[in-house]
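Got chain A; can you put chain V on it based on the hints?
Given next are the chains, with one letter for each unit.
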Amino acid sequence: MPVDPFNIIIGGVGGQGNVLASMILGRMLVSQGSIVTIGETYGASQRGGSVMSHLRVSLRDQFSPLIPEGKANFLAALEPVEGLRMIGQYGNPDLLTLINLRPILPLDALSGKVAYPDLSLILSKIKELSKQVWTLNATEIALEMGDPILANVIMLGALSALDILPVKRDIFSRTIADLFPAERQAVNLQAFDRGHDAVRELR
Amino acid sequence: MNPILNESGKIELLMGNEAIARGALEAGVQVCAAYPGNPSSEIIASLAAVAGVRGIHVEWSVNEKVALEVVAGASFAGLRGLCAMKQNGMNVACDFLLNLNLTGCGGGLVVLVADDPGALSSTNEEDSRLYAKLAGLPLLEPATIQEIKEMTLWAFDLSEALGLPVLIRSATRISHARSNVLLGDLPKEKRLPYFDAPRVTFPVVKNHQRLYDKQIQAAQYFEISSYNDYRGPDKPELLLLTCGSGWLYALEAVVSLDLSQRVGLAKLGTTWPLPTAWVLEQLTKAQRILFVEEVDPFLENNIKALFAQHNMDLGGKRFFGKADRTLPETGELNPDIVIRAIQNLLDITFQSRPPEYAVRAKEAVQQHVPGRDIGFCAGCPHRATYWAIKNALALDGRKGILLGDIGCYSLGMGASGFFQMKTLHAMGSGAGLACGLGQLKRFGLDQPVLTVCGDSTFFHAVMPALANARYNGADFLLLLLDNSGTAMTGFQPHPGTGKKASGDPAPVLDLKTICRALGAEVEEADPFQLTSTTEAILRLLQEGKGPRVLILRRECALIRGKQQKKLFQVTIDRERCLGDQCGCNRLCTRVYKCPGLIWDPMTGKAQIDEAICTGCGVCAEICPASAIGKEAA
Chain A
1 MPVDPFNIII
11 GGVGGQGNVL
21 ASMILGRMLV
31 SQGSIVTIGE
41 TYGASQRGGS
51 VMSHLRVSLR
61 DQFSPLIPEG
71 KANFLAALEP
81 VEGLRMIGQY
91 GNPDLLTLIN
101 LRPILPLDAL
111 SGKVAYPDLS
121 LILSKIKELS
131 KQVWTLNATE
141 IALEMGDPIL
151 ANVIMLGALS
161 ALDILPVKRD
171 IFSRTIADLF
181 PAERQAVNLQ
191 AFDRGHDAVR
201 ELR
Chain V
1 MNPILNESGK
11 IELLMGNEAI
21 ARGALEAGVQ
31 VCAAYPGNPS
41 SEIIASLAAV
51 AGVRGIHVEW
61 SVNEKVALEV
71 VAGASFAGLR
81 GLCAMKQNGM
91 NVACDFLLNL
101 NLTGCGGGLV
111 VLVADDPGAL
121 SSTNEEDSRL
131 YAKLAGLPLL
141 EPATIQEIKE
151 MTLWAFDLSE
161 ALGLPVLIRS
171 ATRISHARSN
181 VLLGDLPKEK
191 RLPYFDAPRV
201 TFPVVKNHQR
211 LYDKQIQAAQ
221 YFEISSYNDY
231 RGPDKPELLL
241 LTCGSGWLYA
251 LEAVVSLDLS
261 QRVGLAKLGT
271 TWPLPTAWVL
281 EQLTKAQRIL
291 FVEEVDPFLE
301 NNIKALFAQH
311 NMDLGGKRFF
321 GKADRTLPET
331 GELNPDIVIR
341 AIQNLLDITF
351 QSRPPEYAVR
361 AKEAVQQHVP
371 GRDIGFCAGC
381 PHRATYWAIK
391 NALALDGRKG
401 ILLGDIGCYS
411 LGMGASGFFQ
421 MKTLHAMGSG
431 AGLACGLGQL
441 KRFGLDQPVL
451 TVCGDSTFFH
461 AVMPALANAR
471 YNGADFLLLL
481 LDNSGTAMTG
491 FQPHPGTGKK
501 ASGDPAPVLD
511 LKTICRALGA
521 EVEEADPFQL
531 TSTTEAILRL
541 LQEGKGPRVL
551 ILRRECALIR
561 GKQQKKLFQV
571 TIDRERCLGD
581 QCGCNRLCTR
591 VYKCPGLIWD
601 PMTGKAQIDE
611 AICTGCGVCA
621 EICPASAIGK
631 EAA
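From first to last, the protein sequence lines stand for chains A and V.
Following the working numbering, the numbering of the first sequence begins with 1 at its first residue and continues without gaps.
Following the working numbering, the numbering of the second sequence begins with 1 at its first residue and continues without gaps.
A hint or two may mislead.
In silico DSBU-like links for lysine-lysine, alpha-carbon gap of 35 Å or less [as the list claims (entries may be wrong)]:
no., chain 1, residue 1, chain 2, residue 2
1, V, Lys630, A, Lys113
2, V, Lys362, A, Lys113
3, V, Lys362, A, Lys127
4, V, Lys304, V, Lys441
5, V, Lys565, A, Lys113
6, V, Lys562, A, Lys168
7, V, Lys362, A, Lys131
8, A, Lys113, V, Lys399
9, V, Lys10, V, Lys500
10, A, Lys168, V, Lys422
11, A, Lys113, V, Lys422
12, A, Lys131, A, Lys168
13, V, Lys390, A, Lys113
14, V, Lys390, V, Lys235
15, A, Lys168, V, Lys10
16, V, Lys206, V, Lys235
17, V, Lys304, V, Lys133
18, A, Lys113, V, Lys10
Just so you know, these hints were derived from the structure itself, not from any lab.
So that you can see chain A by itself, here it is in the shape it has in the complex:
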């Protein structure tokens, strides 16, 4: 790990499976000797609101389940404007960012009260406020695979390609063996691989 504690945020919109993604990632890291503390925002927020999980990863100590302002090291956003929202509070010039390009319209954008911002503008702001940015269209891949919920695991696959954390395929495979019923394991492994291959650096 580049720094200790290494602070990760996985965020998006309620229903995208960010809690499960954070739990899988957490278990992958714990199985390799890290002390991980995860704080999750859900409850009422799972009904279409903004949701995030904070992961504090350390080899020496336990940290609070909430990351202090400006202290995120890595951000995985399952939705573009949610990514920028989280950078607003937790970003810093050294932030590494992974973005799923597929927007989910907030209620006010659905109703036409506000416009969903232009995607390229959001990406350029995220780029300006991060040290390095990677993107992929995890939702499109998930839809191709027949189930939009796979986007979260596709994002974990993308993370594994970035060489930031020790989250290789074999560790993922072992971790989901404990978590998922046998019939769901192959499709999740496939989703992980698709994410690994699809991610590109934003330049």
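Frame of chain A, contents of chain V only:
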């Protein structure tokens, strides 16, 4: 292998609520009960998942008072029992709790209450710790996930040593956080139940006195508890007195500010009754003391009272906390809030990131990031229900009053329920309030009265209100939104579902039969059939006397989604959709606002978002141009 059953010596990433469950299993718990409520729901859910293999009884009770009585019954027969609840549940259970404190208990009885600072998933913000003081019962406050497992285990021993129920207070950031937990031994033995001692509160005054005496005994245990801990210099400039979820925030603040040589950190794990000698020793360390705790100034007020009694020996102190608003009185704490409070008290500067970056980052959010309100999920039957209510009330024209209750359908107060729901209080309060408003016709109230409640809420607290309505002749329409589970808290079963907590089959208590037995006129409708549902609401509003019930039955969209079963393939006929030119003014996306149906700004027409649409097909009924089609999937 379920992680909470892994072998002793292993380290598992457990949620706080799972750690509580593991702690209870390590203590040899045999009976567990709760009514679901976040952030406490996963405690019983994880115990229920292992009830079969562990040979224990785990149940979802109909409400928290019954849950506590279930567990106390087991305790009177010598078994160990765990009852879990959220802060609101404590209010429901407290009538029994404030008698149970006088009779005491037999087998270890632990009451776990998870508070929700900031009301992240609650209708109120409440500090349950006050009940410990009110009931004169020992209170433990774990600060980490490991500690909550250890404390749960210890609480059972403590309960048996004192003959009293022991309260443990958790909070969202402990119950719903995950961290490494080192597992201990799981016992193999089971106790044989036997009821031998009477448990009555009489003679009351004598038993009340005994309760006070036991608190002295509890404080003696607490004086030597390793859960009370100090780290920092001998004479700190500032002493942080913390407990529970405040501890990790305080620690994080001290480390972030690099103040471990100047600031002391005292963590109290046993917060009622206070271990007075231990607390007084901490108070001698510093002149300036900041309390860091969540929700009310409980520790703060109790320690100030203790200080008042010993002020001649302790000299002058300056106390900071919620009372002087050094820390906010309301809302959730976090490391940043504690960092700022310490910065102000010690007059130091600290920048978490370059200020020029912070300005740019915040500006980018302000200028480009739209808000994201919570609302009903795509395909949620409640959205359709509120649409029908809105239309029925408009057709009725008398400005009907819709009283609300607790569940996902509480969102009916907001945009995704078309702002229809007008009150929100406790479980069952919608029907209770309707019993009052439903009596006002004789005084000239000509607005019809309606109330909503969910299927699980019905069993929890609506049945007494319905009996009351029939008996006293209250005039209202109860819309019973039956979505086949306790959806808000994670789809737990209830007496109407035919399933027990363990997943085993249970007899089904039929809502219709119960309502009829309570003397109400009952009809049923399908919320996805907008026209017939609207007609039924309108008819029941305008006809009939006394309590009427319309059961609106449709499974929760998330339960449906888990089964991956779309009812319909929904499509937009681009020829028929007149888009911006249609006189409907975008009724589908501007007003109905299901997240699965979006507006394509390029073509100016409606569009289905395949990643989100669950195929309920209701929007096909909304479109006046019949441009939305549905085909059985």
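Tested hints:
no. : hint                   : result
1   : Lys630(V) to Lys113(A) : holds (28 Å)
2   : Lys362(V) to Lys113(A) : holds (22 Å)
3   : Lys362(V) to Lys127(A) : holds (15 Å)
4   : Lys304(V) to Lys441(V) : violated (52 Å)
5   : Lys565(V) to Lys113(A) : holds (32 Å)
6   : Lys562(V) to Lys168(A) : holds (28 Å)
7   : Lys362(V) to Lys131(A) : holds (17 Å)
8   : Lys113(A) to Lys399(V) : holds (27 Å)
9   : Lys10(V) to Lys500(V)  : holds (31 Å)
10  : Lys168(A) to Lys422(V) : violated (52 Å)
11  : Lys113(A) to Lys422(V) : holds (23 Å)
12  : Lys131(A) to Lys168(A) : holds (23 Å)
13  : Lys390(V) to Lys113(A) : holds (21 Å)
14  : Lys390(V) to Lys235(V) : violated (65 Å)
15  : Lys168(A) to Lys10(V)  : holds (23 Å)
16  : Lys206(V) to Lys235(V) : violated (45 Å)
17  : Lys304(V) to Lys133(V) : holds (15 Å)
18  : Lys113(A) to Lys10(V)  : violated (53 Å)
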